[in-house]
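Trainee: Sequence:
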Amino acid sequence: DQVGQYTKHALWHEVGDYKGQYSESKVLQEAAGYSKVYKVWQQLKYYLNGSFGESRLSMKSVAEIYEIWCFLEVKSIIESLGFKPQRKALSHLKQVQFEKQFPKDEMAAAFVYQHESDGMQIELAHEASFTPKGSANRTWLANHRPDIALRVALENGESFFILFDAKYRIDTTQMGDKDAVPEDAINQMHRYRDAIIHQQHLEYESPLKSRPVLGAFALYPGFFPEQKSEQNPYAEAINEIGIGAFPLLPSENNQDSNNYWIKEYLAQKLGKTRKALEYKKSSSYDYHFVEDSARIAPYGVNVSRHFGLTFVAPVNELDRDQTYLEKAKTGSLKGYHTRLIATNRQNVHRNIMREIRYLVLTVRDSNQDREQLGKYLYTVASVKLLPRRDIDKEITGKDSDAIEKYWVFEFSETPVLLLNIIKKPYEEHFNFKLTQVERLPEVSHWGEIQGSLELYENLSAIW
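Per the UniProt record's numbering, the sequence shown runs over residues 1 to 463.
One thing to keep in mind: the hints can contain errors.
[What the hints assert, rightly or not] Think about it this way: if two alpha-carbon atoms lie no more than 20 Å apart in a straight line, the pair counts; the simulated DMTMM-like pairs of lysine to aspartate or glutamate are: (1) Lys178 / Asp118; (2) Lys269 / Glu155; (3) Lys334 / Asp369; (4) Lys327 / Asp365; (5) Lys84 / Glu155; (6) Lys8 / Glu64; (7) Lys39 / Glu14; (8) Lys375 / Glu457; (9) Lys329 / Glu413.
[Said to hold, decoys possible] Pairwise CB distance ranges (calculated): (10) Pro250 / Trp140: 36 to 44 Å; (11) Glu236 / Asn431: 28 to 36 Å; (12) Gly447 / His190: 42 to 50 Å; (13) Glu116 / Ser452: 17 to 25 Å; (14) Glu413 / Asp321: 22 to 30 Å.
To be clear, the hints were calculated from the coordinates, so they are not data collected in a lab. Even glycine gets a Cβ: it sits at the ideal position worked out from N, Cα and C.
Could you put the whole structure together from the sequences, leaning on the hints where they help?
Mentor: Structure, rendered in structure tokens:
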């Protein structure tokens, strides 16, 4: 009642509609510091509206502005890596008063990009929505809407997500004099990766479930002006588990001093160009799924990308004792060893070596032969990385005190005699090939292990 009495005061009878012109604050337009923020906001507003003269500057928190700017920055980085725009689904944006609002379906308002050289396609979306009602990618118990979502689709049909959340907050207590992202932001990244599930629908079975998020990262306004010469404080976590954060701030004069770390990460994951990274289409598919962060399985479970991975390689016959060579010829070996530097030379990741389940070893029947023969298929019981001096002579055929690291394969049972003997030209230079055990009946010569028969071929030295 008291408020009602005040509203009837004669003072309010003289108040009417404002007939003058609207103008923005002079402080925003001219004051040091404010003018730059005002200019950035005008650019963002124009991007959202898509045309001139459609809205006025609305009340918006700095956190929201930072989120939209981060989206535009990621978009700019993708374009700088050589991805060409294909289409954009912005026609479904909804106008609410003076703001454009993105729809809430999965991968909403996605910009679509493609690498012409390898067919990789990227969908970039703001606030993609993952819900229990989703089909291919869904959650079970809650809705999740990361600020920025990248869905990367390879030409062979496989795909994965890289997610970002913009957090306009800094924690100055975690890392001493370095800016850190708040702990709850990192926890949110873990929730994204754990909660979002990909379903591969099958005709007569329940869907196959997998976790499609290869990386989830917080973006925050940490100040690191020397990113090119420093290491991201979250680099170890990013490499080991695919969770972390990237400091991201505007840079003066369009320099990349404040976005160098995130740009390098995306260049590594997506590639500046496939030609620059020097690997072929067939092998590039595997590249994304063999790193440590992509292969963390529940305890007691092993992750394998290719089942029945088979290592085809020659026995080193130089200076080996006759007992060892006879065992190699008759399929009686208990194990095999090869240098770590040899697998590094062919850019084969350590996780790939640990994935090997079978070996075919070629050896000459006599010293005068010009070809080695692979007759037996050995089953691998264990794969270890040991100093040469710690490997039993029964496996090496020769004593050594060297401390150089070697891969050691221990065999579990009597080998199987191959239907097709695999012939390999004898040479002292060591090399090996990887294939699948079910493809061995198609192979009778070393040179035939190529194309679709050869796995992990010509991987990049980016490891």
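Trainee: Indicate, hint by hint, whether the structure satisfies it.
Mentor: The hints, checked one at a time:
The hinted pair formed by Lys178 and Asp118 fails the criterion: a straight-line CA distance of about 40 Å is larger than 20 Å. Between Lys269 and Glu155 the CA atoms are separated by roughly 15 Å; this keeps the pair inside 20 Å, and the hint holds. Taking the CA atoms of Lys334 and Asp369, the gap is near 25 Å; set against the 20 Å cutoff, the hint is violated. Distance hint between Lys327 and Asp365 is fulfilled; the C-alpha atoms sit about 11 Å from each other, no more than 20 Å.
Between Lys84 and Glu155, the direct Cα distance comes to roughly 15 Å. Compliance with the 20 Å bound is thereby established for this hinted pair. For the hint linking Lys8 to Glu64, the alpha-carbon distance of about 40 Å lies beyond 20 Å, and the restraint is violated. Using a Cα cut-off of 20 Å, the hinted pair Lys39 and Glu14 is violated, with the two alpha carbons roughly 37 Å apart. Restraint check for Lys375 and Glu457: not satisfied, since their Cα atoms lie roughly 23 Å apart, outside the 20 Å limit.
Under the criterion of a C-alpha separation no larger than 20 Å, the hint pairing Lys329 with Glu413 is consistent with the structure, at around 16 Å. Here the CB-CB span from Pro250 to Trp140 is close to 39 Å, well matched to the stated 36 to 44 Å. A C-beta distance of roughly 33 Å is found between Glu236 and Asn431, which places it inside the suggested range of 28 to 36 Å. Between Gly447 and His190 the beta carbon distance is about 48 Å. The supplied range of 42 to 50 Å therefore holds.
Our hint of 17 to 25 Å for Glu116 and Ser452 holds, since their Cβ atoms are close to 23 Å apart. Range check, Glu413 to Asp321: Cβ separation about 24 Å, and the 22 to 30 Å hint holds.
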